[in-house]
Each structure stands twice: as C-alpha cells, then as structure tokens.
Amino acid sequence: MNLAHLHLLLNHFSIIGTIIGLGLFLVSLVGENDDLKRAGLIIFAAMALLSLPTFFSGVGAQGAIQELPGVSEALIDRHEGAAILALFFMEITGALSLVGLWQSHKFSRPARGNVVAVLLLSLFTVGLMARVGTTGGDIRHPEVWASSDPAANEGTLGSIAHAFEPAPDKVTELMTANKFWWAFMMALHFIGLVMIVGAVGALDLRMLGFAKELPIASMHRLVPWALAGFAINVTTGVLAFIGMPNFYTYDIAFWIKIFAILLLGLNAAAFYLTDTFNVVEHMGPGEDAPPPAKIIAASSLVLWFAVITLGRYIQFYQSTVSGR
Amino acid sequence: MALPLFLQSIENGRFSTWLRESDSPFAFYFVLLFHTFGLALLVGANSLVDLRLLGFFPCMPLAPLKRFFAIMWIGFWVNATTGVLLLIAYPTKALTNPVFYAKLTIIGSAIWILTKLQKEVFLDSLTEGDMIARGAMLAKWSLVLWVGAISAGRLLAYTYTYITFPS
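As you go down the protein sequences, you meet chains X and W in turn. Everything in the first sequence is counted per my numbering, starting at 21 for the first residue and increasing by one. Everything in the second sequence is counted per my numbering, starting at 9 for the first residue and increasing by one.
By construction, these hints were calculated from the structure, which means they are not laboratory data. Certain hints may be false.
Partial chain X-side listing against chain W, Cβ under 7 Å, derived [said to hold, decoys possible]: (1) A203; (2) I211; (3) V217; (4) A231; (5) L234; (6) R332; (7) Y333; (8) F336; (9) Q338.
Every value quoted in this text rests on a predicted model; they were computed, and no experiment measured them. All C-beta atoms, glycine included, are put in the ideal place defined by N, C-alpha and C.
Please take these sequences and the hints and turn them into a complete structure.
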C-alpha cells in the first residue's frame, strides 16, 4: 500500500460518513430523539478525526501521480484548495459536536444554540466535502468531465465555493515565510501538548489508583481542558503540515503518530460508549476503578506518550516513506 | 567578539560529538524526547494545580492535589538532567543565544514559585479558602512563566547565531 492508495481508501469514509452523520442528525431533529442526536454528533466528531489522515495523505497521492501523462496540475490545485476549505469546516463541525456531547453529558441534551450551529456547519461541510470528492475524482477520471476543461464547467455553487478556497501554494508560503510565526505555532503546539497530557494524564492516573483522595467525577471536569488543548494542536498541526507538506508526508514517524491519535479516538470510544464511563463517573474519594477502566486509562497514558515520542522523532525519520 | 574556547573543547569531546553526530535514535533525539516528557510532567501537573487555585474545576478538592508535586519534581529532575545533556551537545548554540539565558531565568522563577506553592500554600493546617487566598497570585505567575519558558524553549530552535563553534 502506498500513500495514493491510503488517500483513495480514506476519502470515501470521510465523505460518506459525514453524509450519514448529517442524515442521523436531521432525523433526530425531526423525531426529537436525543440518542440519535448524540449518534450524529459522535459521527461528526469521528469524521473530523478521520478527515485528518485523509487530508494528509493527499500530498503523497499527488506526488505519486503528478508526473503521469494527462494529469493536470491545475486540477490538483483546485482539489487541494477545496480540501483545505472543507477540512476547516469539518474540524469546526467536529469541535462543536464535542461541545454538544459535553453539554448532553452535563445537562442531558445539547444546548439549542449548539444544535443550530452544528446543523448549519454540517450542511456546509457536507456540501464542501462533496465538492472535494468531485474535484478529486476529476483528477483521474476524464470520463466524468462535461468538457475538456472541468474547471471552466463548474456550476454556480462550485464557482461560489471556489471563490472562498485558498490557493494551496500561498498558504504553504505564508506558514514558512516568517520563522517567528513558525516558532509561535510550535510553542502553541507544545502548550496544547501540556494541556492534553496534564488533564488526561491526571484523570488516567487517578483511575489507575494515584491520588485516590480525589473523586473521579471531579477529575472528569478536566476533559474539556484536554479537548481545548487537542483543538489547539489539530489547528497548529494542520497548519504546520500545510507549511511543510513534503517534510511530513514521507515520514514514518508522522504516520504512526497519526495512527496513534486515531487509536486514542477508539480508546475514548471504548471509555464513553461502553458501560465503563457510567460505572466510573460517580466514583467518590478512595474508590477503586474497575479493571476495564484501568486498562483504558493505561492505554491512554501509553498512547499519549507514544504520540509525543513519535512527534519528537519526525525530524529523525524524514524521508523514510517511499513516494511510489 | 571572540567566543570563549571552552565551548570548542566541550564540543570536541567524545560524548558531545557522539550526542550531536550519532545516527542512533538513542543519541540526541532520545535526550530531546525525555526533555519533552519532563516538560509534560512538570508543566502538566503544575498547571493543573495553578488552574485549580485560580478557580477552575471548583468541584475538585484542592488539598489532595499536593500528591502531584512529586510528579512535578520528577519532571524537573528529568529536565535538569536532559537539559545539561542538550547543553553538552550544543554548547555554542545555546550559550551564544540571549534567549537561552532568558529561558533559564524564567524557569528559575517558575521553580521558585513551585517551591513556594508546595511549602506555603499546600499545608495541612490551611482551609481551602486560605490556600486559594495565599496561592492565587502565585498560580497566575506560575502559568505566565511556564508559557514563557515553553515559548523561549521553542524560540531557541529558530533564533541561534551559531550551531557549532565557528571554525
């Protein structure tokens, strides 16, 4: 499997998954079903996470085909601009979905404002994701072109979206033009790291039996803090990737790091979507968490430190992934 | 201005050369990795205590958080050790950069606040209200200083004049 294969595999999940999420969310609004609403929010959050490797693998896919006959650089650029804009909306939709899930945990349902925001943003996201899919398909499928120049045959909606799409090369240039801007982003990335590991690590340690005087319910209040750190790091991480795409794309440590982050998503699902969280949630001072909670806490600690390790070794392992 | 020659003699040492030039993943990058682990432990745990003193997570009892000081000190000693190793690897790069001295000053202040928090705020004789009254200002400065220390550390990677002793 190469990066082009990975890109083709992942992109269908992110696009179709987001459409399914929107479908569930719409049905939940019509039927006023809070469980279905939560399911929609969970799918949006999961798709926001999965869209990251989808986006990142695009550069490798480009590298694999751009020298082939009949491949147009202009079409790739159009797809890339569309992808940057769609990813922006996808990540905001995912972040707001997590806010909604937190609200439904605290107040048994997401706030009305959150539902409206997620609805509007996910509608935009689905539209933009569809455009990413279409412009991506255009690159290697001339049989679906309406004429020899698909860019000139964009519909009205496509042209409107295109007006908001950044030129990918410009963004790349912008990220690396000033070393202080880069240092600022990296400092934020480290601050985000501290927020995540400080908050999640403390909760994990408590579940493993450290500082048992602390009630687990009160430690769980740290989770939004960790999510804020994660939002900072997704933002700065994606911007860094756009700034130096070739540096990260052909790096095995980078890809294993992204894989470890996806595993952390699964670990979080194992915590919240099974009975584990319900059992642990109300544990007071001195109480011992059950074995499944301890396994999840230990996995979380190991995986977060693995993410730090792999991030630190990105520079060491550059040019370890083949472009073919 | 001529650079002091001791920088060159450190760099020419076998250990410094190995740290800097070895292709092994267990040389320079390994030290850098543990410097980041230490950062996560020290600042992660300290910022948690700071935020609690500043009124975040009010349902979390304050006094038991004193257990986290042990984690902070582990992080501190890991980073003091790895920091010295990084300095041995690139003495000229660090010592000719004013940001390096700023970073050490900031860390010194943050650690001074950390000891004050431990010795003057987290006392068994104090109520939660008293702890917050004594600790809130320290906590505020602690957070500011740690953000400064991380930023200065990141800047070090991009603002140096020399990477190694100029020949």
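Results for each hint:
For X:A203, the interface hint holds, the least distance from its beta-carbon to any beta-carbon of chain W being 5 Å, beneath 7 Å. A cut of 7 Å between beta carbons decides the hint on X:I211: the least distance to chain W is about 6 Å, and the hint holds. For X:V217, the interface hint holds, the least distance from its beta-carbon to any beta-carbon of chain W being 4 Å, beneath 7 Å. A distance limit of 7 Å between C-beta atoms decides the matter here; for X:A231 the minimum to chain W is near 4 Å, and the interface restraint holds.
Taken as an interface hint, X:L234 checks out: its beta carbon lies about 5 Å from the nearest beta carbon of chain W, inside 7 Å. Using the Cβ-Cβ criterion of 7 Å, the hint placing X:R332 at the interface with chain W is satisfied: the shortest such distance is roughly 5 Å. A distance limit of 7 Å between C-beta atoms decides the matter here; for X:Y333 the minimum to chain W is near 6 Å, and the interface restraint holds. For X:F336, the suggested interface contact is upheld, since its CB lies about 5 Å from the closest CB of chain W, less than 7 Å.
With 7 Å as the threshold, the beta carbon of X:Q338 stays out of range of chain W, its nearest partner Cβ sitting at about 12 Å, so the hint is violated.
In summary, the one numbered hint that this structure violates is 9.
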